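Q: In case you want the letters, here they are:
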Amino acid sequence: MPHIQLPEGLPGIRGPMAFSPETAKPLNELANALLQTDEGLSRAERELIATYVSSENDCFFCQTIHGAVASYYWGDENGEFVKAVKENYGLTAISAKLKALLAIAGSVQKGGKQVTPEQVQEARQQGATDKDIHDTVLIAAAFCMFNRYVDGLATWAPENPELYKFRATRIAESGYTADDHYMPK
Amino acid sequence: MAHIQVPEGIPGIRSLVMYRPDTGQHLYALAQALLRNESPLSEAERELMATFVSSLNECNFCAGSHAAAARFLFGSEKELVDQVIADYRTAPISNKLKALLTIAKHVQQDARTVSDELVTEARNHGATDRDIHDTVLIAATFCLFNRYVDGLATLTPTNPEAYEAMGERMGTIGYVMPTQSLNDAIKK
Numbered sequence: 001m002p003h004i005q006l007p008e009g010l011p012g013i014r015g016p017m018a019f020s021p022e023t024a025k026p027l028n029e030l031a032n033a034l035l036q037t038d039e040g041l042s043r044a045e046r047e048l049i050a051t052y053v054s055s056e057n058d059c060f061f062c063q064t065i066h067g068a069v070a071s072y073y074w075g076d077e078n079g080e081f082v083k084a085v086k087e088n089y090g091l092t093a094i095s096a097k098l099k100a101l102l103a104i105a106g107s108v109q110k111g112g113k114q115v116t117p118e119q120v121q122e123a124r125q126q127g128a129t130d131k132d133i134h135d136t137v138l139i140a141a142a143f144c145m146f147n148r149y150v151d152g153l154a155t156w157a158p159e160n161p162e163l164y165k166f167r168a169t170r171i172a173e174s175g176y177t178a179d180d181h182y183m184p185k
Numbered sequence: 001m002a003h004i005q006v007p008e009g010i011p012g013i014r015s016l017v018m019y020r021p022d023t024g025q026h027l028y029a030l031a032q033a034l035l036r037n038e039s040p041l042s043e044a045e046r047e048l049m050a051t052f053v054s055s056l057n058e059c060n061f062c063a064g065s066h067a068a069a070a071r072f073l074f075g076s077e078k079e080l081v082d083q084v085i086a087d088y089r090t091a092p093i094s095n096k097l098k099a100l101l102t103i104a105k106h107v108q109q110d111a112r113t114v115s116d117e118l119v120t121e122a123r124n125h126g127a128t129d130r131d132i133h134d135t136v137l138i139a140a141t142f143c144l145f146n147r148y149v150d151g152l153a154t155l156t157p158t159n160p161e162a163y164e165a166m167g168e169r170m171g172t173i174g175y176v177m178p179t180q181s182l183n184d185a186i187k188k
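Residue numbers (our numbering), protein chains in the order written: chain A, 1 to 185; chain B, 1 to 188.
What the hints contain is simulated information worked out from the structure, not anything from laboratory work.
Please note that a few of the clues may not be correct.
Okay, derived cross-link-like pairs now, DSS-like style, lysine-lysine, Cα gap no bigger than 25 Å in a straight line [as the list claims (entries may be wrong)]:
id, chain 1, residue 1, chain 2, residue 2
1, A, K113, B, K105
2, A, K113, A, K131
3, A, K110, A, K99
4, B, K105, B, K78
5, B, K105, A, K110
6, A, K131, A, K97
If you're wondering where the values come from, they're calculated on a predicted model, not measured in any experiment.
Could you put together the complete structure from these sequences and hints?
A: Right, dumping it as structure tokens:
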């Protein structure tokens, strides 16, 4: 049961967002600015970074929904690719650049000071720009917030994977909005 | 030196929101809504929570600037800010605020450890749903800001007077996006 009284039937972060619309607005706008763009890093890469950090924080709701969105963009029908990235991205077929950025994201998850000049150097050698590095750090930092918001209030997370798939399609189509219109009718 | 090329001479989060205002504007809007809008927690109490979490995350820029804002807002009681940073359990603050700071500390370490018992303890001391919500989101948000500021190795002033000026600005005008003239004034 959630720690505070939230509107029923809204999964994960959607409950606290309905409870507090004033903070939900900048949170959704931040998610859109960070994730719903292909400038520099693609949407697929951005959602993968979000999923990886949420997995490191062991936040079930966030890693499942963002994992489903990532799978949608990567054409990962059965979710095996995203699962492999979460388990050991070093062994997957993603680019050396994305691997270097995931290493930075992994450091941010542990603490901002864990990011080393060597990690940044490595990312640059693989073609990362300032903007790629910036966006990686901010996506990772933002999910250290989203994950804590969701788990710190003990929000409800549905178990049915099909529901996350459905919601992922809606997110890919219309982005992150304050209204929750992601449930099957 | 910062890991990426941000405007020179501008400290901490400010350099990052100037580097990328399209994300920065939402971060400032979030800080303003959380720390300045209507809440059962006073602005001073909320700045104290931000300071406490930033201090646990060892983010010197955020801890220094929010401590300065909290001191400014607490006025004659400003000494309690340093007492809370040293040990909040023995600081001269209400039991309700102590219970909320314990929740904030758990959010900072691992949000899954915020237990029913911790929440019940806060409620027994008068905390409402809104207090608990705001505490969790403030703690979570500073886990973002601290990582953003340190993850990109932004400029962290060491001069206490620099923070005092920031604290006064945060305590009066709040969180508004930097403008060029304001930044020129700060650099001087």
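Q: For every hint, state whether the structure bears it out.
A: Here's how the hints hold up against the structure:
1. K113/A to K105/B: holds, 19 Å
2. K113/A to K131/A: holds, 19 Å
3. K110/A to K99/A: holds, 17 Å
4. K105/B to K78/B: It holds: about 21 Å lies between the C-alpha atoms, which stays within 25 Å.
5. K105/B to K110/A: holds, 16 Å
6. K131/A to K97/A: holds, 13 Å
Comparing the model with each earlier hint shows no violations; every hint is respected.
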